[in-house]
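*Asks:* Modelling step: build the complete structure from the supplied sequences, incorporating the hints.
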Amino acid sequence: MNDSRKMRFDLVFLLSALALSAQIGHAEDMEHPLSEHDYLDEMPRVLTVSRLKQSVADSPSAVTVIDRETIRASGAVDLPELFRLVPGMYVGANAGFVYNTNHAVSYHGMTNAYPGNMQVLVNGRSVYTPLFGGVKWSELPVALMDIERIEVTRGPNAASYGANAFFATINIITQNPTEVSGSTALLTHGNGRNEAFYRHAGRVDGFAYRATVGYRQDDGFDRRDDFKRTRFLNAQTDYQVGLNDNLEFEIGLTDGERGDGTVEDLILRPHSTQVTDYHGLVRWKHRLSDTSDLQVQAYHSRERTDDTVTSASLKDYFLGEAAQETNPVKKATLTAIATHLGIDNLIINNDVVSERSDIEAQHTFTVGDSLRAVWGGSIRQDTMYAPLYLGTKKTDAFDLQRIFGHLEWRPNRMWTANAGAMLEHNDFTGTDLSPRASLNFKPSPDHTIRLGVSSALRTPNYIEKKFDWKYTAPLVAAPYTAIMQQKIADDGYVDAERIVSREIGYLGKFGGMHMDVRLFSDRLMGMIKDRDRVITAPVGVLLLNRQLNGSFVADSSANSGDAMAEGIELQTDWKLSADTRFLFNYAFVHIRETQASLKRNFTKSMPEHSLSMMLTHRFDENWDGTFAYYQVGKTTQLGDGDPVDLVRKSDLRIARKFKQANLGGEVSFVVENLFNSHYLEFADYNEAKRRARINLKLDF
Amino acid sequence: MAQAFTGITIVMSAPTQTNKAFVEEFKHELVNSNNAAYKVKVVDLGESEKLSVAENSDLVIALGVKALEVSSKLKPSTPVLGVFTPLPVFNDIMGKSDRMLGNFSAIVLDQPYSRQMALVKTMLPESKNLGVLLGSTSLQYGEGLKDEGEKTGLHVNTENLAQESDLIPKLNQVLQANDALLAVPDPVIYSRETVQPILLTSYRYQKPVFGFSQSYVKAGALAAVYSTTAQLAKQAVELANKSQQSQNLLPPPQVPKYFSVSINQQVARALNIPFISEDAAVKKMLQME
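So the protein lines, in turn, are chains S and U.
According to the working numbering, the first sequence is numbered sequentially starting from 1.
According to the working numbering, the second sequence is numbered sequentially starting from 1.
Everything labelled a hint here was simulated from the structure, so no lab data went into it.
Fair warning: this is a prediction, and the values are worked out from it, not measured in the lab.
Glycine included, C-beta positions come from ideal geometry on N, C-alpha and C.
There's no promise every hint is true.
Said to hold, decoys possible - Here are the computed lysine to aspartate or glutamate pairs in the EDC-like style, where the Cα-Cα straight-line distance is at most 16 Å: (1) U:LYS66 with S:GLU31; (2) S:LYS509 with U:GLU126; (3) U:LYS207 with S:ASP67.
To be verified - Covered stretches of chain U, going by a simulated chain S footprint (3 or more residues, C-beta under 8 Å): (4) 161-168; (5) 197-207; (6) 215-222; (7) 267-281.
*Replies:* In structure tokens, the structure reads:
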């Protein structure tokens with residue numbers, strides 16, 4: 001017995017020497033907590049080849065990542081506001097007179113109220129609307145607190161993201177349900193703004209789920225009919241099936257009311273519309289082997305706007321016009337119209353229903369240590385019902401098919417070559433190929449030089465291709481039975497815009513500072529611009545359109561004119577200390593026409609200079625603060641935009657975390673436009689003022 | 001003590017591939033060690049729980065926890081060497097049996113922490129802070145880990161989990177504050193169900209995970225120290241030969257003497273970690289030992 005004690009002592013000595021102090025002599029007879037299975041059994045493969053992304057140093061493009069911490073520190077409540085932190089990007093709140101409540105977000109110019117030259121994906125689902133081409137940001141069923149990160153690929157990237165990855169691609173990725181747990185509530189109250197969100201997430205064995213419901217209320221700008229009330233639900237699940245498969249589901253629902261129209265429009269008067277959107281997505285990830293994965297995803301989305309609008313009194317309008325008219329013939333005509341109108345107020349059905357069904361498969365694989373490839377294909381159908389804009393109650397269908405491939409070759413540590421291409425066929429512009437290639441040179445792990453050339457197409461959207469937007473009112477004055485104004489009459493002869501972008505990039509790490517510089521030259525070809533189209537009056541219809549050389553003309557679109565966008569972008573992320581971080585972004589973008597005359601103010605549709613900076617500091621365990629500054633040069637934006645001056649905006653955020661037993665959280669106070677500069681954004685009708693709000697976040 | 005020679009009996013908890021491979025490697029190593037005196041008999045517990053055949057063996061090698069538990073009930077005069085057994089379980093079993101050191105030992109699955117720290121330093125020479133999540137099973141190792149970290153210039157920060165629902169928040173805390181996560185076996189923390197949240201979250205933070213098994217590396221951990229079946233078999237043969245020379249007396253439990261390193265090169269590349277081959281990593285670690 002003595003012997004044994006001694007031996008046990010030796011064992012303890014041995015174990016502590018190995019830092020494995022052991023507890024000896026448990027008496028209870030229980031199941032062993034560990035066994036060889038913990039060490040030897042197969043595990044589900046998580047970071048498979050398709051989940052692992054290229055490191056930024058190997059990437060063929062410049063990438064801006066907005067992570068959770070940056071989103072939190074920014075104090076933003078509206079998703080598109082975050083893009084002010086992307087060099088070369090322009091953000092204009094509540095632009096335009098249709099879909100008033102939406103931000104215009106664009107990159108490298110050509111900005112109108114509905115910029116459609118970026119691809120925008122939420123968890124792999126394309127959300128740009130084919131009607132105008134932009135994104136209805138305020139309708140996305142995404143809470144900022146659910147976003148894991150936003151990756152912005154600056155520069156065309158059709159080979160990876162499809163045709164509309166023209167100037168840039170925004171990829172919004174929400175947290176995987178496995179990465180969240182428990183309940184969170186977030187309440188916001190401030191000037192013209194109230195929000196409430198609730199999230200619950202959990203996991204049952206291999207099945208993880210997250211559901212978020214939210215309510216947003218925003219009164220918009222002072223002089224605008226741009227209020228919005230939005231309710232939404234978003235739910236995601238991730239089911240780990242065996243060792244090699246994952247099944248993911250996602251659903252989203254949005255509904256709410258929005259202000260729309262303007263007093264300046266005779267027909268689309270200020271009124272409210274109702275939006276109802278939903279989507280469902282299923283994704284299957286299958287590991288074929290250690291070096292290859294298959295992913296198949298399918299989704300369906302539907303966006304519906306219920307919108308019935310009553311015009312102002314047509315009679316009053318024509319009488320008013322007549323009173324101002326000096327030409328006696330025209331004056332008499334206008335007076336006659338006013339007195340012979342069959343109705344006084346037009347009631348317009350401006351319902352819009354668009355649906356998208358998409359199925360995509362992709363195969364990712366590696367060959368040896370140096371080759372990595374992804375290829376795949378997708379089929380999509382968009383349908384569009386928009387009786388006012390398309391001039392028909394028929395639903396239009398738009399089909400798109402594409403195949404794509406991308407190859408990354410790393411012959412050694414110093415070099416990475418990327419090449420890829422996409423072949424797309426669609427109903428609007430036929431078949432096109434968009435190739436790309438780049439070469440990254442890494443003389444040391446901290447420095448990368450990148451040379452790249454990439455091309456992409458922008459497929460025209462409905463407003464450029466198929467609009468037949470007209471207003472008709474009955475008239476009782478033989479031989480006329482109606483008056484008509486044709487706003488847009490597309491002839492359909494419009495092709496895709498093409499971009500060829502060349503760039504030299506540099507990525508460097510100097511101690512705690514990461515730097516990304518990009519010199520770019522975008523050659524833009526066949527830019528779509530407005531064109532007058534001669535129209536003729538149907539029998540018995542009195543056309544009110546403007547005239548050119550004795551003919552009636554309406555707006556149409558045509559490819560006309562080339563341009564160059566050139567400049568430099570700088571992005572730095574500097575960790576000044578463990579508690580202090582400084583982000584600085586700057587862009588110089590110069591646009592010039594190289595052929596024909598482009599749209600009005602085309603070259604002014606991007607501020608020449610824009611910068612953003614954000615300083616965050618953690619004062620102690622609980623307190624932290626952010627000061628952000630944004631400066632945007634003067635612009636004259638296209639479509640519904642006006643000349644506006646330099647914008648200077650400063651935001652301040654102070655936050656305090658707290659933790660008590662099972663309740664944790666944060667209180668934060670945000671002041672946007674701290675110095676209350678009454679700047680104009682996008683157009684003279686949007687005047688920003690200081691706004692403050694308080695947020696309470698509870699985790700339980 | 002002396003008894004009739006009957007050879008070595010290998011007891012398998014189940015006829016798994018690993019266990020069968022061990023038997024093959026063991027026989028192979030035995031031949032290599034020029035020991036022709038031993039005969040090797042194999043018993044599969046899955047087929048018969050009766051271990052009487054193993055009584056009076058010169059040495060019983062128990063593969064897996066179940067085999068070790070059953071073998072611990074053999075006559076104390078029959079020496080038992082556990083293989084594929086975690087150390088805390090070995091201690092548990094010995095505590096519950098009439099066994100004593102000398103006739104009961106193991107080559108445990110646990111790699112020494114010094115070796116794990118050496119791996120961290122080999123893969124991430126600039127790392128300073130190493131995060132560790134501890135549960136009720138692994139809680140006892142916290143201090144030892146910290147001490148071993150100090151020696152390698154790594155500050156080991158531990159977070160204790162009271163229950164599984166703490167996993168995500170604690171994981172976030174650890175990943176925020178450290179350069180990497182070192183996984184220490186604990187059934188509440190590292191299971192088949194939690195491997196996805198752990199690896200996805202760490203990847204989101206762009207922080208590598210050091211696993212404790214080859215499977216964890218295949219799943220997406222950056223690297224792990226482990227011993228191959230052949231390496232464990234080689235050590236077992238050495239022990240068998242030694243005990244044969246010392247009247248079947250077994251040395252105290254040992255950590256694996258020979259080891260390998262498994263690196264997920266795809267993960268390394270995605271995390272922008274400079275390339276190092278598995279062999280080169282082992283060499284570098286041996287220099288550090």
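*Asks:* Next, verify each hint and record whether it holds.
*Replies:* Hint-by-hint comparison with the structure:
1. Under the criterion of a C-alpha separation no larger than 16 Å, the hint pairing LYS66 of chain U with GLU31 of chain S is consistent with the structure, at around 11 Å.
2. About 15 Å separates the Cα atoms of LYS509 of chain S and GLU126 of chain U, which keeps this hinted pair within 16 Å; it holds.
3. The suggested pairing of LYS207 of chain U with ASP67 of chain S holds, with an alpha-carbon distance near 15 Å, which does not exceed 16 Å.
4. Counting residues of the stretch 161-168 of chain U whose beta carbon lies closer than 8 Å to any beta carbon of chain S gives 3, which meets the minimum of three for the stated coverage.
5. Chain S is given as covering the stretch 197-207 of chain U, and this holds because 6 residues of the stretch bring a CB closer than 8 Å to a CB of that chain, at least three being needed.
6. Requiring three or more residues with a Cβ within less than 8 Å of a Cβ of chain S, the coverage given for the stretch 215-222 of chain U holds, as 5 such residues are present.
7. Requiring three or more residues with a Cβ within less than 8 Å of a Cβ of chain S, the coverage given for the stretch 267-281 of chain U holds, as 7 such residues are present.
The earlier numbered hints are all upheld by this structure, with none contradicted.
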